[in-house]
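*Asks:* Work out the full structure: start from the sequences and follow the hints.
Residues 1 to 1139 in the numbering used here are what the sequence shown spells out, letter by letter.
Bear in mind the hints are in silico, worked out from the structure with no lab data behind them.
Bear in mind the structure is a predicted one, so any value in this text is a computation, not a measurement.
It cannot be assumed that every hint is accurate.
[As the list claims (entries may be wrong)] Computed cross-link-like contacts, DMTMM-like style, restricted to lysine to aspartate or glutamate with a CA-CA straight-line distance of at most 20 Å:
hint, residue 1, residue 2
1, K80, D59
2, K582, E641
3, K111, D96
4, K232, D665
5, K85, D64
6, K63, D93
7, K163, E734
8, K344, D559
9, K582, E648
10, K667, E580
11, K811, D727
12, K991, E1082
13, K692, D628
14, K991, D861
15, K343, E431
16, K940, D962
17, K232, D738
18, K347, E431
19, K63, E49
20, K347, D463
21, K43, D101
22, K232, E199
23, K80, D96
24, K811, E882
25, K163, E199
26, K347, E199
27, K620, D559
28, K85, D59
29, K43, D64
30, K81, E49
31, K469, D559
32, K68, D93
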Amino acid sequence: MKSEREHSIFGVSKFDLKIRLTVVFLLLCLFRINASTYSQKAKISLDVENTSIESILFDKIEKDTDFKFFYENTSLDLGKKITFKVKNKRITDILDYLFIDTNISYEIDGKQIILTRNSIGPIKKTKTEPVPILPELVEQNLVQGRVTDNDGQPLPGANIVEKGTTNGTQTDFDGNFSLEVTDGNATLIVSYIGFATKELRINGQTNVTIALQESTAGLDEVVLIGYGTARKGDITSSISQVDGIETITSRPVATFTDFLQGNVAGVTVLQQGGDPTASGQIVIRGYGSISDESPLTVVDGVPYYGPAINPQDIASVSVLKDAAAAAIYGAQAASGVIVIQTKKGRKGKPQISLDLYGGIQNATGLPTPLTAEQQASVYNLAADNGGTARQSAHDALQNPWGQTTRTNWMDEIFRSAALVNTNVNISGAGENINYMTSFGYNNKEGVLVGTKSDRYSFRLKSDLNLSDKVTIGENVYYSRTEAVGTNTSSGYSGTILNAVYFPSAAPVRDENGLFHGVVPFDLSQFAGTYGDVYNPVALLLRPTTTSPTNFINAQVYLDYKILKGLTFKTSYAYSTSHNEFKTFVPRIPELGRTNLTNSLTQRNSTTNRRVWDNQFTYTKSFGNHNLDVTAIYSSQFTDFESLSQRAEGFSSEEPFNQYLSNASDQKEPVTSVYEDALTSAIGRVTYDYDNKYFATASIRRDETSRLARDNQADIFPAVSVGWRISDENFFNVEKINDLKFRASWGQIGNINSVGYYSFDVPLGSQTLIVGEDGLRNDRGVYARQQSNPDLIWETSESIDVGLDLMAFDNKFSLTFDYFQKTTRDMILEGLEDKHQGTDAAFVNGGEVKNVGVEISAAFSDKIGDLNYTIRANASRLDNNLENLDGYNNSGIDFINHDGYHVRDALRPYRSTVGQELFSHFLVPYLGIFQSQAEIDAYVKDGNLIQPDAVPGDFKFKDTDGDGDIDNDDRQFHGSYQPDVTYNFNLSANYKGIDMSLIFQGVAGVKAFNAYKYATYNASLQGYNLDNRVLDAWTPSNTNTDIPRISTQDNNNNFGTQSTWYLEDASYLRLKNITLGYSFPKEIMGGWLNGSSLRIYLSAENLFTITDYTGIDPEVGGIGLDVAKYPLSRTISAGLSLKL
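*Replies:* Here you go:
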């Protein structure tokens, strides 16, 4: 306890009492005058955080001044903790502020300050409106205030700068600040990471509360770049920040890929359908290679290869689009980089966030099969047109069963599917620790029965300051996903196609509850007429499939501040993914595509990855020069192992018997193993002069285990420059706040296109039946592929020129980019040395160029209480295969893509020099012959070009002029790569009511609608058809593009790979509309006091405008549509609660 007030009695002798009293009185007067002068003149500066009043008085003020504090031994509020910062203030100012909301009063007696208990209780003042300490503070133009987010939570460390000066400060732990400004009309610029910068004219106010809105706009925003961050206004390469990421919690998106679509210029997201097992394909600035075009994903600084993370963990996202930006990630970044930073805690009280939504999904645009009566009628007409006998199965007298419609198969296989998502986030930060933990659950039923996905996720993340120099942290993410999908892309077993094929006369199940066939067993003589078709419901429900994947990604790091400006960081990340796939397919006894053999397939696979990064960062400012130097050494190692086996012949199909050992026929197990290593040394220097002239240079040396030793390492440089034109003296455009020119060049190596052991001969093994009696099984080893020790890196080189503009008081922003991306030494499977049973070696052969422009614009403003933002972006891309030098020695200038076909509709794609990759290579379709005279007039040298045609058949172009129609008449007709991608959205907020609209679309897209081959074609015989064939050509119905119905296709209407299949798949989609309401804080009383609550309704994929006749124009892949699993229209409702 500090010294209590002492009482003294001065004794004096009676002899000189009068004289002594006079002297003492004079001395006391002089002392009091001096002491009073000291208390008025003494200036005190303090900077304390979370410190008790007692420590401030006795450990700070007494230590640094001549003041002494005394108090009676009574209960005073000296333990209360305070955070504040003052400079050159008087003792009375400080004490007045310290004793707010306490029971302490004080009296200054010279240099002694006596503390007493205030009998009337604590002095109450409002914390959220900082109280002026002194009247003279107003005279000195001192502004005090508090900075919060939109929910009223304090923002510690926010920057407050007086506009036009370097005078500034930061908020304390509670979001409070004080700043002396030049005059009462000064303007404050307030900024905070992840929030929109705000300007406030004080207009003589001394107390202000400033609420910042979360935003991605503003030059001071911190943007994620490779191995670090940068001010948005200082970036010299092509990096796009994903706008509106804060709204990801209010949209029913299960993955970040769904949210990304349409949000960034130059980034195309190709949805692979609505199958729960599918994920969207991301393509940044076009296809640069025949092989993998997936961008690298980096989460919290570490390359990430796991399943889709919980999107509600995401705080911010940047897309590195050019080589100068992505080169620092080297060999994995040739297709661009998506950099994700997850959420972390904020200083202040712990915050609990609860986000819930649920919804219903429905498929739209579904096909309509013929009814039973229509199927019989159409096939009778087809037989008449084809000159064949009518099938007895379609005769009403012989098969009355086949004339009655019993099932709408689309209604049977599709359903209204539920969607549920729950996410809980707990976060906070203290003086030395920052933490965040989250739990997420997402359950999504597929709109096709039997399909679904479940994801559980958990994240634990924290940072701990061990000292002023040392910080450690960890980031652990776990997810368990289980998804069951179905095959819709096969022309034979595709679920949706079989729902069209299967006769409408057939019920789903028979009277015994078993799946029904194409006809009842007592009508088995008609089974062949209806074709070898699967019951589509059985196709979905009969197999029992499980496929759980457990994934863990754990990262630890240490950050050490060696010297002022010099920091070392080391991080180690380990991830493991384990999948257990098991599917049992029972016998198919019903008529149709009968299969009396049951089977079990099991596959276990494990992937382990390790990443160790060591990074030195040095920052230095001298005068107007700012320098940032980064040096990194990174090593990555991956190992993979899988074991799969199939068995057939199970005597019982009960679950207890579904084990490989119980099968009568066990196939040989198949094992796959590989290891992969990559080491990298990286250097980057960033420099700017006076925030006006910028330059960044980087160099990276990568070494991979995938190439032969002499070619394993290569070096990839990049450089970028920027010029802030608006800061030049000659630039005097009042409405433009910022104008910056930038340019970049860079190279990146690519190893995603090459196999793991391309330099060596990969071996396979197989069991052979040998011996004269054929009873001995021997296992042999064979070469699977030829090797190429001379294979070198595929290299991507890019050039980018751009402009960044902000105008009209920073309300309007515009970004423009012109880019050229060239891939050289493209890695392909060659044509030479290809032997029977052995694949050809990989070779370097070819060059691909992508040239395009991108533009993004945004405008934000307010009208009264209405705040609104309009955003739009668009990109134009031209893709071209420049050459195939090195691909082969025979002068072949094209690559066939044989794997893309439906039944007999083969090879509609080809990549040829001078054309786009994956171009549609088709015979031109010229319409339908309307008469025999038109057929007879279509001749070459007096011979009919299409001698087998009759009126109602297709007319094709004899491109090569040789007098007949064959594959040599094919031409190139564009590709599925969009010429233009675009997006625009509107968001608005009015007194707690918010609304957003997101439109997304593509133009110049061509899709090959192979669905028409299988469902408009009566010459396949048996299968039911799409009801659009009712509009087929007849002499009385000539205004149609569907050929005549016939059991014979002598003209090869459907077998010819023609542009009849090719359709314009351009579309405009209302991707999302959301309407929300945030409850006023005034009504959030009781235990919800200080909390925020928002409720909302949201609709996803509400409508689509398109000319495409298939289920959905967003076909995905390279544009081959075989009745793809459709995207769903989703209506959902949710709430977001922050405590």
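*Asks:* Run every hint past the structure and note whether it holds.
*Replies:* Hint by hint, here is what the structure shows:
1. Restraint check for K80 and D59: the C-alpha separation of about 15 Å stays at or below 20 Å, so the hint holds.
2. Using a Cα cut-off of 20 Å, the hinted pair K582 and E641 holds, with the two alpha carbons roughly 17 Å apart.
3. A C-alpha spacing of about 17 Å is found between K111 and D96, which places the hinted pair at or below 20 Å, so the restraint holds.
4. Restraint check for K232 and D665: not satisfied, since their Cα atoms lie roughly 63 Å apart, outside the 20 Å limit.
5. Distance restraint check for K85 and D64: the Cα-Cα separation of roughly 16 Å lies within the 20 Å cut-off, and the hinted pair is therefore satisfied.
6. In summary, the hint linking K63 to D93 is supported, as the alpha carbons are separated by about 18 Å, within the 20 Å threshold.
7. Distance hint between K163 and E734 is fulfilled; the C-alpha atoms sit about 16 Å from each other, no more than 20 Å.
8. For the given pair, K344 sits about 17 Å from D559 by alpha-carbon distance, which is consistent with the 20 Å threshold.
9. The hinted pair formed by K582 and E648 meets the criterion: a straight-line CA distance of about 14 Å does not exceed 20 Å.
10. For the hint pairing K667 with E580, the CA-to-CA distance comes to about 18 Å; that is within 20 Å, so the pair holds.
11. A distance of roughly 19 Å separates the Cα atoms of K811 and D727; the hinted pair therefore holds under the 20 Å criterion.
12. Restraint check for K991 and E1082: the C-alpha separation of about 13 Å stays at or below 20 Å, so the hint holds.
13. Straight-line distance between C-alpha atoms of K692 and D628 comes to about 16 Å, which keeps the hinted pair within the 20 Å bound.
14. With a CA separation close to 15 Å, the supplied pair K991 and D861 stays within the 20 Å bound.
15. Distance hint between K343 and E431 is fulfilled; the C-alpha atoms sit about 18 Å from each other, no more than 20 Å.
16. For the proposed pair K940 and D962, the alpha carbon gap of about 8 Å is at most 20 Å, so the pair holds.
17. For a cut-off of 20 Å, the pair hint linking K232 to D738 stands: about 12 Å separates their Cα positions.
18. For the hint pairing K347 with E431, the CA-to-CA distance comes to about 8 Å; that is within 20 Å, so the pair holds.
19. A distance of roughly 18 Å separates the Cα atoms of K63 and E49; the hinted pair therefore holds under the 20 Å criterion.
20. With a C-alpha separation of about 12 Å, the suggested pairing of K347 with D463 holds against the 20 Å cut-off.
21. Among the hinted pairs, K43 with D101 is inconsistent with the structure: their alpha-carbon atoms are about 24 Å apart, more than 20 Å.
22. Taking the CA atoms of K232 and E199, the gap is about 18 Å. The hint holds against a cut of 20 Å.
23. At most 20 Å may separate the alpha-carbon atoms for a hinted pair to count; K80 and D96 meet this at roughly 14 Å.
24. Only pairs whose Cα atoms come within 20 Å are accepted, and K811 paired with E882 is rejected, the gap being roughly 43 Å.
25. This hinted pair checks out: K163 and E199 have alpha carbons roughly 8 Å apart, not beyond 20 Å.
26. The straight-line distance between the Cα atoms of K347 and E199 is roughly 23 Å, outside the 20 Å bound, and the hint therefore fails.
27. For a cut-off of 20 Å, the pair hint linking K620 to D559 stands: about 18 Å separates their Cα positions.
28. As the CA atoms of K85 and D59 are separated by approximately 16 Å, the hinted pair is consistent with the 20 Å bound.
29. Simply put, K43 and D64 have alpha-carbon atoms about 11 Å apart, close enough for the 20 Å limit, and the pair holds.
30. This hinted pair checks out: K81 and E49 have alpha carbons roughly 8 Å apart, not beyond 20 Å.
31. Proximity of K469 to D559 is assessed by CA-CA distance (about 8 Å); at most 20 Å being required, the pair is judged to hold.
32. Straight-line distance between C-alpha atoms of K68 and D93 comes to about 17 Å, which keeps the hinted pair within the 20 Å bound.
The structure is inconsistent with the numbered hints 4, 21, 24, 26, although it conforms to all the rest.
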